[in-house]
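Chemist: For reference, the chains in residue letters:
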Amino acid sequence: MTLAIDNLLKDYDPRFKIFHELMARKIREVLLVSTPYDAWIMEEDVRLSERLIHEYRGLNLSNPPRLTWVSSVEEALKALEDKKFDMVITMPSVVDMDCLSLGERVKQLDPELPVVLFAHSTVASLPSYPSQAKPPGIDRTFVWSGNTDILVALIKSAEDRMNVDYDTASAGIRVLLFVEDSPQYLSSLLPIFYRELVSQTQAVMEEGLNEEHRLLTMRARPKILIADSYENAVSIYEKYKPYILGVISDVRFPKKGKLYSDSGIELLTKIKADRWDIPLLLMSSEPSNAEKAVLIPSFFVDKNSPTLHADVHTFFMDHLGFGDFVFRMPDGREISRATNLRTLENEMNKIPIESLMFHANRNDFSRWLFARTETILAAKLRPASAEDFAYDANEMRKFLVSNIHVRRRRRQKGVIVNFDAHDFDPDTEFFKIGKGSVGGKARGLAFASDLLRHHSETMQAFNNVDICIPKSLVITTDGFEAFIHDNHLLKIADIDMSNEEIAKKFLEAKFPKWIRDDLEAYLKDIQYPIAVRSSSLLEDAQFRAYAGLYRTYMLPNDCPSFTQRAAHVINAIKLVYASTYFKGPKSFSRRVGHRTEEEKMAVIIQSMVGDTYGEHFYPAISGVAQSHNYYPFSHMKPEEGIATIALGLGKMVVEGEKTLRFSPKYPQLLPQRSTVEDILENSQRYFYALKMEKTCSMLSINDTSHLDKREVSDAETEYPISFLSSTYIPNEHRIRDTSHVPGHRILTFSQILKYNSFPLAEILNTFLSIGQNGMGCPVELEFSVNLSQRQDIRPTFALLQLRPMTARAELEVVNISDEEIEKAFCYSSNALGNAHKKDLIDIVYVKPDVFDPAKTIEIAREIGEMNNFLSNTDRKYLLIGPGRWGSADRWLGIPVEWTDICNVDVIAETSSERLNAEPSQGSHFFHNITTMGINYITVSEKNGGFYKGDWLASLPAKKESAHVRYVALDKPVTIKVDGRTSRCVMMR
Amino acid sequence: MSDIIEIVKLRDPNENEFHQAVTEVMESIKPVLDRNPEYREARILERLVEPERVIIFRVPWMDDRGDIHVNRGFRVEMNSAIGPYKGGLRFHPSVNLGILKFLAFEQVFKNALTTLPMGGGKGGSDFDPKGKSDNEIMRFCQSFMCELSRYIGPNTDVPAGDIGVGAREIGYLFGMYKKLCNEFTGVLTGKGLNWGGSLIRPEATGYGSVYFASEMLETRQDTLEGKVCLVSGSGNVAQYTIEKIIDLGGKAITCSDSSGYIYDAEGFDRQKLSFLAMLKNVRRGRVKEYVEKYPSAEYTPVDPSLGYNPLWNHKAACAFPSATQNEINEKDAQNLVNNGVFLVSEGANMPTVPEGIEIFLENNLLYGPGKAANAGGVSVSGLEMSQNSMRLSWSREEVDSRLKTIMTDIHKTCQETAEQYGTPGNYVNGANIAGFVKVVDAMLDQGLV
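Listed in order, the protein sequences are those of chains A and B. Numbering-wise, the first sequence is residues 354 to 1341 according to this note's numbering. Numbering-wise, the second sequence is residues 50 to 498 according to this note's numbering.
Bear in mind the hints are in silico, worked out from the structure with no lab data behind them. For every residue, glycine included, the Cβ atom is placed at its ideal position computed from N, Cα and C. Careful, some of the hints might be misleading.
Chain B stretches covered by chain A per the calculated footprint, using a threshold of three residues with CB under 8 Å from any CB of chain A [what the hints assert, rightly or not]: (1) 62–69; (2) 170–183; (3) 214–220; (4) 241–255; (5) 327–335.
With the rest of the complex left out, here is chain A (with noise of 0.2 Å):
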């Protein structure tokens, strides 16, 4: 076949984008010529500004048109002269000109604009001109019986006809062609086709859009187009022949200048010998016309019957497409229906493929896809036939069916669906039960998720990746408040109480039915891994450091018994209210200045991005990517930022174990792996996995029971990490990038970052881009990634989360000013890190004057029994002293090992006449600085820095060695570290 699913997969969705485009030329002033009389009748008695406006609120249309009153035909020429109008409507008796007149003045000044007469309820009332001839002046004549409604059609009919040809073209938006000739009759059906157009449109428009995405689709709604003679009819039907939806043809109208009675059989004959597809409506007044009808055939109205409103529903429904999509079979026979794209999809999995040719051949798809707004999709249907699948049937069922989901899935991309327990896709991908807040996180990934869809350009890149949000439910900030209300809770914000017992009490407490009712629905279908997140209000919020206080709960959803899943979900959830109180939360909002109380919480379920392994459920890789690196290397640059990656859950990330960092821009420039000892020390050992084992046991409030701390080694036959391994040759002491060679596994990520199997960096690097661009501030990603040993199944890069980095404590802003730089006795400007650190009172210091190169084995000695002096009491302190920190080389630095200075928090490196050694920047404990936020300042003389700290030897010693000293401040330092800039500025 030729039509692969693959070419729709590449596809964005452009469609808002191109909504945008839609219905560009609008009819916003509109001048109204009457007398004082017709006017004060519409002013005042049926108040038509008002209703106008009214009118189009109640069928959520965008900004209705301004009219302006005249009532004479030189105040009209005066206006149109001052003022740029759209379109003239005018009654027929106007003071001092016939309306025809005046229409032809109009025409004068400006060919294009729109004359529509207002006609007094009967054509007598116009003024006499040739019978069947249209007047020069006039575009159409309505008329004017008090009912507003036609204000409104006539208003969008000329729009339409302003847009036809833009529309048509650029997303081939659908024309339903109107045939009618008679002002009366098109007067009052006008007005209920586009009434019935509008609604059902919006009837059937997609669940969850928001405001805007609504009134944009509304431009893609059909297009009606009204003819008045046969000629004309066959002018609009040819030439938008492709987008023609229906016809509805009234039977008598002039053909050649003459009214003939047959001319609307002769005009659907016609069309449906040319395309028998599309749906016909003949109307008359004559009942007996219904018998011609069926020999077209067509559907027949009697325009005078008395549910004409709702015959008129009917064609719309059941032939246009608005309705539900009846499955039938050759035959007729109804066998099922479809209500949306989720049934529809359903069903033609289900239905016999006799059905699903009979409707395929009829471009039945296509047409209520049409009706659906989903243009572009329907377009991409429509001219596939069975000749493209080589008259394979299930083929086409499958590439029919395969194309509706691919929609499906990416339509719901950034929209937070509201939960319906009744009728829920449970392909969505971001519900939410409640009317409160979704909460910071929840915000975030909302956000992200509809970056996503603004940039599915971008993303196209990356066509061979399934890149997504995991599916979502969250539970907004009102369910909380109702929990903590109904079991008066609340007072639990201001008493002193434990984590456990705060936990207890949660957990004691009653659950309220509303959600649990919902809940129990979503859950039922779902027996995957599900991670119960919290997403307060404050957290992830610019500039306020919430993030990772509050508790995640990560549940295997595996017990068979549906009862207990539930149970265990609705345990998590109120465990991750009651962490709400937890006293970490609580001590930071009093630092911060928040009230507890005023914090609420709402709770996301997400499932988790993973496979199972045997009796274990993990992704292949978890990280966090951050837009600003505090801590570049080499010609890494802070903004191009950096990312650490994990094999995998997420908790080996957070809790700071081995992992690997690298900066997307550089994804093979590994500080950390630069030689094969470099590699096998810091190369990952355990990773966390979840465990499956059908086990029904309650989660209590510290509860990994869950989690298995695995060891890579006894895991090396699973896919990910014989994928993601490289293998050390012992014999060779080297390390192969493969894991096909006999020898030891180890987790390098070879085939990721040099080898680029999977587009990981590429990816983030995109990503941390529109992140800091959507969010205006240097961000961070939470990410796994699943891979997947089929061929057929794509990777997945699911993305977790999304916040401001401000979110995070340490990496608040610090500004340092120059008058701080002016008063330091330390400054620099290559420091890694970022800090405002104004507790430290201990510094150890290599005493300048007895320094000596060949001494630096004993100083590292007398270092390290300084470090252990001062673990033994807890204290952090700040480390100064020449050279390279931890070198290999006693020539270059003092040769401490990491546990020679495991207590330091901020460590000084600074140059010295006596060794000649470039700055290390803090390369020999570049994981332990990374990974523990130590600051590693370079005090280089050459940019600018220096180190002043001749006053620490006037201070008395608390421990001094032959080469070094220790010394505790009465008053802490202050040091600043700003990231941004990588300067550092040490005060006293």
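Could you slot chain B onto chain A? The hints should help.
Modeler: Then chain B, alone, in the frame of chain A:
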């Protein structure tokens, strides 16, 4: 002799490291000079401290971003009196001429001691491999070899790896040499096993130090059979030391890492050793975890406040320091003596502080200094050259057996030399003097060249 040191300082005042090395060697060979006036006559010392040839060259290379860098390449061909120059290449930002001269100078005597025909040299570059991609490393190595290839060859100068130059770099260097010279010869050692490398490389140092110990015991008509041994460290040297101790019937009861040490009174057997090897080589865990598997063993964390390492404070007969420099201080040395240890064979480089060595010598211990006892590693490089010359690949057993022979020869040389110079049983003197004498005698034989 102090004149020599002064001359060296005067000539190259900035080469601190080299000054120190020359000073140390001069002190250790003082008895030789006293006894051999012909050395003075032939100005042997002056000739020894001046490299036969120093090559300094430009190494331009392009990084992955297309930026051009220029590093400095060196090869110090120090002495070829007893064979082609042999010594590592070091890629590290600290590399400068002074450091390389210092290393090359030491290498001359280390190589001579192996009894194999290897001269001494050292080379490298101030290139920093840290954070470089494979392709950058390859481009650098190729550029480096473009120039170096003019000066090396299987019969001239055979570089090996060192800091920053591992199997990967040796591969790139060899590839370029082969292309430039159109010959597949043993011009480098440390090659891949399937293209000219030798077996037993990881094992060599550990095995060698045990072979050396056996030879020392042999002088007292004793063997390792049934001897309780203390081993420090848990890397390659320690693991293969333990393995060979087990092979020879001894009982190793300790091992350690930077966090603490294990004491297993029952001793390591092959199964326990295999667990330890997995733990350290594959899982890269701490020795502490050994106790989780074998609860009868005891784990003691490092406690710097003690002022000594309790690992050396157990009843034993032999000690094999195989961890790191300066791991046996004066107190540890005394503890060893007090606990009945009568043999120390150093697998690590300079693990005993000078005061400790004094204690060993004073107490008449069989003390095999690292210079001699851990020469197994260097020797296997020599054996790789031999295999390349013969176009043969020896089996593990063959290499192991030759390693044993070499260690026996080293021991014999040290022992005999010590005796000749009036300090019987003093392997420190023996090792210092034997290498020196072998080189300078060869120089004398070859005339003033």
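Chemist: Output the indices of the hints that this structure fails to meet, ascending.
Modeler: As far as the earlier hints go, not one is violated by this structure.
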